[in-house]
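Student: The chain contents come next:
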Amino acid sequence: NAGVMQNPRHLVRRRGQEARLRCSPMKGHSHVYWYRQLPEEGLKFMVYLQKENIIDESGMPKERFSAEFPKEGPSILRIQQVVRGDSAAYFCASSPSRQGGLEAFFGQGTRLTVV
Amino acid sequence: RKEVEQDPGPFNVPEGATVAFNCTYSNSASQSFFWYRQDCRKEPKLLMSVYSSGNEDGRFTAQLNRASQYISLLIRDSKLSDSATYLCVVNSGGTASKLTFGTGTRLQVTL
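Line by line, the protein sequences are chains Z and B. Using this note's numbering, the letters of the first sequence correspond one by one to residues 1 to 115. Using this note's numbering, the letters of the second sequence correspond one by one to residues 1001 to 1111.
Derived by calculation from the structure, the hints in this document are not laboratory data. Given the structure is predicted, the values throughout are model-derived calculations rather than measurements. Each residue gets a CB set at the ideal place from its N, CA and C atoms; glycine is no exception. Hints may contain errors.
[Said to hold, decoys possible] Heads up, simulated BS3-like pairs for lysine-lysine below, C-alpha to C-alpha not over 25 Å straight-line:
hint, chain 1, residue 1, chain 2, residue 2
1, Z, Lys27, B, Lys1045
2, Z, Lys44, B, Lys1002
3, B, Lys1002, Z, Lys62
[To be verified] Some, not all, of what chain Z presents toward chain B, calculated at C-beta under 8 Å:
hint, residue
4, Tyr33
5, Leu38
6, Glu41
7, Gly42
8, Phe45
9, Tyr48
10, Phe65
11, Ala104
12, Gln108
13, Gly109
[Stated by the list, open to error] Chain B stretches covered by chain Z per the calculated footprint, using a threshold of three residues with CB under 8 Å from any CB of chain Z:
hint, region
14, 1042–1049
15, 1098–1105
Starting from the given sequences, assemble the full structure and let the hints guide the process.
Tutor: If you want it as structure tokens, here you go:
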């Protein structure tokens, strides 16, 4: 039973390029969460998705960032026109239902470096 | 005020020592509570859930005080392998449940 799979593990982009981060939740999990961890800081919630729906995007920057979780395939976090400040570790987590009393399982993260 | 506050440390303790971490949260509607562990440049991993009655898992004991909005983690007989950052995590409730993380407390266990 594979855990949460994220790819790529490392991603280098030049300023102005687009970054696409993928997350496949654990089997049987239909809830996906994206978090960002800036250097020397805690994890910050970005967005919560179920299949084909964005439930809560209160942590997403208003511009350049978008997320989707299509009916088929992984969840995608997309960052357009990346800037140096986007350099961070992006973690995806999944859970079988709303997190209520349940823990979330995290992927190994994608480390984005903008040069 | 941060939603979840922790002392960043670092806590430097010798092997075999007992160490305690504290955490406070601001949202009184929070529903569930966890301690996660994060090793350097790795993903957070669940250490244990925290219940009002207190709970223990081997050398680890977690306590929750809802009235004071305070969570603690006690580690007894520290091992070198316990060196990590310990994250206090709160489910902030509401219609779109999400986890809110503290910035973590760094523990370094030494010989």
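Student: Now look at each hint and say whether the structure bears it out.
Tutor: Do the hints match the structure? See the list:
1. Z/Lys27 <-> B/Lys1045: holds (18 Å)
2. Z/Lys44 <-> B/Lys1002: Holds - the C-alpha atoms of B/Lys1002 and Z/Lys44 are around 12 Å apart, at most 25 Å.
3. B/Lys1002 <-> Z/Lys62: Holds - the C-alpha atoms of Z/Lys62 and B/Lys1002 are around 21 Å apart, at most 25 Å.
4. Tyr33: holds (6 Å)
5. Leu38: violated (11 Å)
6. Glu41: Holds - the Cβ of Z/Glu41 comes within 8 Å of chain B, reaching about 6 Å at its closest.
7. Gly42: holds (4 Å)
8. Phe45: This hint holds: Z/Phe45 lies near chain B, its Cβ roughly 5 Å from the closest one there, short of 8 Å.
9. Tyr48: holds (5 Å)
10. Phe65: At about 16 Å, which exceeds the 8 Å cut-off, the nearest Cβ of chain B leaves the hint on Z/Phe65 violated.
11. Ala104: holds (6 Å)
12. Gln108: This hint holds: Z/Gln108 lies near chain B, its Cβ roughly 5 Å from the closest one there, short of 8 Å.
13. Gly109: Result: holds, 5 Å to nearest chain B Cβ.
14. 1042–1049: Holds: 6 residues of the region 1042–1049 of chain B have a Cβ under 8 Å from chain Z.
15. 1098–1105: n = 7 at 8 Å, threshold three: holds.
Hint violations for this structure: numbers 5 and 10, all remaining hints satisfied.
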